[in-house]
Structures are given as C-alpha cells and as structure tokens.
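These protein sequence lines are chains Y and L, in that order. The first sequence runs 28 to 273 under my numbering. The second sequence runs 2 to 285 under my numbering.
Since the hints were derived computationally from the structure, they do not count as laboratory data. Note that CB positions come from ideal geometry on N, CA and C, so glycine has one too. Among the hints, erroneous ones may be present.
[Unchecked claim] Here are the simulated distance ranges between beta carbons: (1) Y:ARG150 <-> L:GLY154: 25 to 35 Å; (2) L:PHE45 <-> Y:GLY38: 18 to 28 Å; (3) L:ALA265 <-> Y:ASN68: 45 to 55 Å; (4) L:ALA265 <-> Y:ILE111: 54 to 64 Å; (5) L:GLY154 <-> Y:GLY69: 39 to 49 Å; (6) L:THR260 <-> Y:PRO136: 31 to 41 Å; (7) L:SER270 <-> Y:ASP156: 45 to 55 Å; (8) L:SER270 <-> Y:ASP115: 11 to 21 Å; (9) L:GLN18 <-> Y:LEU84: 26 to 36 Å; (10) L:ALA272 <-> Y:THR47: 39 to 49 Å; (11) L:ALA280 <-> Y:ASP50: 57 to 67 Å; (12) Y:ASP50 <-> L:ALA265: 51 to 61 Å.
[As the list claims (entries may be wrong)] Quick partial rundown of chain Y residues pointing at chain L, CB under 10 Å, derived from the structure: (13) PHE93; (14) GLY103; (15) LEU134; (16) ALA201.
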Amino acid sequence: MQTGNAIEVRGLRVQYDRVTALDGVDFDLPPGTALGIVGPNGSGKSTLLKAVAGLVLPSAGTVRVFGKAPRSLTPGTIGYVPQIEDVDWNFPVSVRDVVAMGRYPRLWPFQPFSAHDRAAVTRAIDALDLGPLADRHISELSGGQQQRTFVARALAQEPSLLLLDEPTTGVDAATEDALLPLIRGLVAGGLPVLMTTHDLDRAPEWFDRLLVLDHRVLADGKPADVLASGAYAGIREHTHTHGHLR
Amino acid sequence: MTLLDYLLAPFQYDFMQRAFVAALVVGALCSTLGTYVVLRKLSFIGDGLAHASFAGIAIAYLRGANFWLGATIATVVTALGIGFVHRRARVSLDTAIGVLFTAAFALGIYLMSRSTRATVDLQSYLFGNILGVSPYDLEMVLALGLVCAIVVGALWRPLLYTSFDPVVAQAAGVRERFVDDALLVTIALTIIVSLQLVGIVLVAALLVTPAASAAQLTRRFVPMMLLSCAFGITSCVGGLYASFQLHAASGATIVLLATLLFFATLVSSAARRRRVLRAASRSR
C-alpha cells in the first residue's frame with residue numbers, strides 16, 4: 028500500500044437524472060482514520076459512499092482511491108457494507124457461505140480456497156460472534172445478525188478500505204456495542220474507514236474526523252469541534268422532525 | 002424377444018447411442034446453468050434465447066450454411082444484445098428479452114415464409130429431432146458442452162456472488178458486466194447444444210425444472226447444483242429411453258419426466274415441512 032491518502036475526492040458532482048445528489052464535494056481520507064459522515068436524509072451520504080466504491084460515476088470531479096479510479100483497483104480493495112441489503116433472503120446460502128463470498132474477488136478462476144482464505148473467513152465469523160450461527164440459513168437471522176454477517180463478509184475480504192453505510196441504524200444495541208470496538212481496532216491497525224451515521228451523540232467515540240454533508244461539505248474536522256461549531260444544528264433539527272429512518 | 006432384448010433395444014442403434022451421449026451432456030449442462038437461471042429469476046431467458054436461435058437456423062437453412070454456425074451466431078448476438086439493451090435503455094431484463102426474442106423469432110418465420118424452398122424441417126427445429134444427431138452433431142455437442150463446462154468451472158464463484166449480491170460484489174471488484182455477459186453467452190450455447198434433443202419450444206424447461214426441483218430439497222448452493230444436475234441427467238437420459246420404448250417424441254417425454262420429478266420433490270418437501278411443524282407443536 029502506498030503512503031498517500033486512501034481517498035481523495037475533488038469537486039465531486041453526482042447527478043441522478045434531474046436530481047443533484049452531490050455538488051462540489053472535496054475531502055481526503057488518510058490511512059488509519061475513521062471518518063464519519065452525518066447529514067439529513069437525502070443529503071447524499073449513501074451516494075458519496077457509492078461514488079467512492081465506483082458504483083455511481085461522477086458527473087464532474089474526481090474520486091481517487093489509493094491514487095486510482097475505484098473501478099480500476101485490484102479486486103478485493105474496497106469492502107462495502109450497504110445500508111439496506113436488498114438480497115433474496117431465500118437464496119440458498121448459510122452465514123458461512125455469505126462470509127466466504129468476501130474471499131471471491133481475490134480468487135482466480137479455478138483457484139481453490141487456501142488455508143489463508145479459510146482462516147480469514149473463520150476470523151471474520153469469530154470477530155462478529157457469529158460462530159454459533161455459522162451454519163444457519165440467512166433467513167433464520169435477526170436484523171442485527173444479518174448486519175453482522177455482511178460486516179463479517181467485508182472483513183473476510185481483508186479490504187484496504189472499508190465503507191460502512193449506517194451500520195448501526197435499525198440494529199440492536201448489542202450489535203452496535205460489538206461493532207464499535209471492532210471497527211476502532213481495525214482503524215488502530217491502519218485501516219481507513221468511511222462510515223455514514225445518524226447517531227451524533229456517539230460520533231466522538233466512533234470517529235477521528237466528522238464530515239457534515241448536505242449535498243456539499245458543510246464542516247469537516249474533529250468530531251467534538253464539528254459538533255461544538257453548530258454546523259450540524261440545523262441538520263439535527265431536521266432529522267428530529269423527519270425521523271431517523273434512512 | 003426376451004425381456005433383456007427389449008430393455009437393451011434402444012442401445013443397439015448408432016443414432017440412439019449418439020442421442021444418449023447428447024442427452025447426458027444436455028442434462029448435465031442445462032441443469033447446472035439452470036441453478037443460476039432459477040436463482041437469478043431468469044426463467045424467461047431460456048425461452049427467449051431458444052426462440053432467437055430460430056432466426057439463425059432459418060438463415061443458415063435458406064443459405065445452405067452450417068446449422069451450428071447460424072444458430073450460435075444468432076443466439077449469442079441476441080444474448081449480448083439483451084445485456085446491452087438492459088443496461089443502456091433502462092428497461093427491465095424481462096422487457097429486453099421480450100422485445101428481442103420475439104423480434105428474432107419473427108425474423109426467422111418471415112424468412113422461412115418467403116422462401117420457396119421446402120420448410121418441412123421446420124418442425125424438427127421446433128420440437129427436436131433426435132434421429133438427426135449425426136456423428137458431426139455429436140462432436141459439436143461435446144465441443145460446445147466443454148466450452149460451457151469450462152466457463153462455469155472458471156466463473157462459478159463470481160457468478161454466485163453477483164447472483165446473490167451484485168452491488169457489493171461490484172464494489173469489491175468483481176467484474177459484474179463481464180460475468181453477466183459470460184453467463185448469457187453460456188446459456189445461449191447450452192440452448193444450442195440442447196436444440197436437437199428437445200427443440201426450441203421445450204428447451205426452457207430443462208433450464209428451469211431440474212433446478213426448481215433441487216431448490217425444494219436443499220437450502221445450500223452446492224448441494225442444489227449437484228441435485229439439479231442429478232435431476233437433469235435423470236430426466237434427459239431416462240426421458241430419452243422412455244421415448245424410444247413408448248414411441249413418443251423425445252423432447253416432450255424428457256420434459257414430462259422432469260416435471261414429474263418436480264412434483265415429486267414438491268410433495269416430499271411439503272410433507273417434510275408438515276412433519277417438522279407437527280414435531281414442533283408436540284414438543285411445545
């Protein structure tokens with residue numbers, strides 16, 4: 028891995044038909060940093076993650092991940108956990124099968140699962156306390172267990188950059204309490220993490236830096252400073268009146 | 002004639018021996034790919050691509066060109082066209098298939114209807130003609146079958162990942178478009194391999210029914226694929242054998258046997274669910 032920034036976004040604009048989701052967004056993410064993104068519903072938080080993951084293309088500006096366009100990265104570089112997993116819950120896979128998918132992007136055709144691949148899957152399952160559930164079918168999981176399964180898949184991938192879209196929304200407190208030390212541990216190990224959230228109160232625990240987004244960057248700095256600056260105040264009111272969903 | 006003579010009768014003929022080999026290949030291929038077809042809810046696509054092959058067959062027939070070449074070009078072009086229209090025109094895959102396959106089928110019928118050449122062979126393409134499997138045809142079946150087996154062997158993991166969770170797979174660096182196109186082309190080739198055995202009209206059943214049967218019995222992917230393969234081979238080889246003894250059309254007999262197996266798995270899985278429920282209510 029190179030020493031520069033994990034993510035460099037410059038003048039990013041993303042347009043869906045007539046709706047502008049992001050306009051003129053600039054930020055960097057150095058390695059070993061957890062950057063939180065807060066903002067009202069529909070402020071472009073999820074779109075920003077998708078643009079970094081290469082899932083939506085910029086209408087203007089650039090997104091560089093480890094100096095490259097997201098889609099030209101080595102497979103396995105970006106671990107992404109979307110906010111809502113829109114999967115077929117009757118799909119014939121167990122928890123372990125889903126977590127093992129994290130290894131797939133790194134494998135060549137016909138390449139068998141190595142001892143390292145198996146160890147990465149087991150480590151990820153253990154890290155999220157999914158051991159007793161590993162052989163369960165995915166339809167037999169609670170919401171929090173499902174979320175942990177998808178986080179485990181991203182960890183099994185051994186990504187160089189982790190993108191989490193509101194991993195703590197709609198899950199039980201136990202899942203959140205399990206995720207926080209896990210993610211902080213990964214960041215301490217040098218992994219850059221970009222994560223969206225609605226939970227301003229716990230932002231200082233989660234993040235090294237906080238970015239307030241409303242189609243553009245309103246504030247970017249240490250969580251305590253950003254929260255004290257009042258940049259989020261109007262937004263907080265907004266989320267309270269409009270609810271916490273999405 | 003003894004009973005043994007009767008039972009072994011189908012294997013005495015060269016054309017039937019070739020047909021059995023073809024049935025084995027077709028049964029294994031269709032049911033393996035069928036697992037992805039069912040999981041991706043692409044049941045319509047088998048029907049679509051099979052009908053699309055008719056345009057190529059018609060052109061090849063009228064020009065006196067190679068059947069295999071005509072069918073392959075038409076079907077693969079349609080398969081890639083479906084992928085392209087789906088991505089570019091923002092229409093659902095269902096709609097893309099519906100538009101393109103009817104167009105290709107109509108082109109085939111149009112060309113055939115304007116031809117002054119005899120079109121008696123039409124029926125053999127629509128319903129299959131097992132008597133027509135020449136040694137050359139068998140070689141083509143084996144060659145195209147091998148290509149499909151290699152593609153599935155190489156791509157089964159990215160195919161599984163993109164079938165389950167295409168967005169995350171793409172973010173992780175899986176080349177989703179390439180994988181999708183490879184699947185469509187492989188389905189196209191599999192259909193062409195199957196045409197002589199079951200015909201255009203019925204080939205879709207082989208891509209769907211064995212995998213649907215397997216899905217009744219297991220909730221894991223690899224067992225589903227293996228069971229689907231077992232059902233597919235049983236249907237094709239058993240159906241071909243039965244069609245000989247019953248003097249019936251091979252394609253129809255094969256599909257009816259596959260359907261019979263489907264209802265058997267449906268009944269058995271429903272019975273098992275009932276047993277589980279009863280055991281659960283007793284233990285309460």
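- Query: Of the hints given before, which are not true for this structure?
  - Reply: Structure breaks hints 2, 4, 7, 9, 10, 13 and 16.
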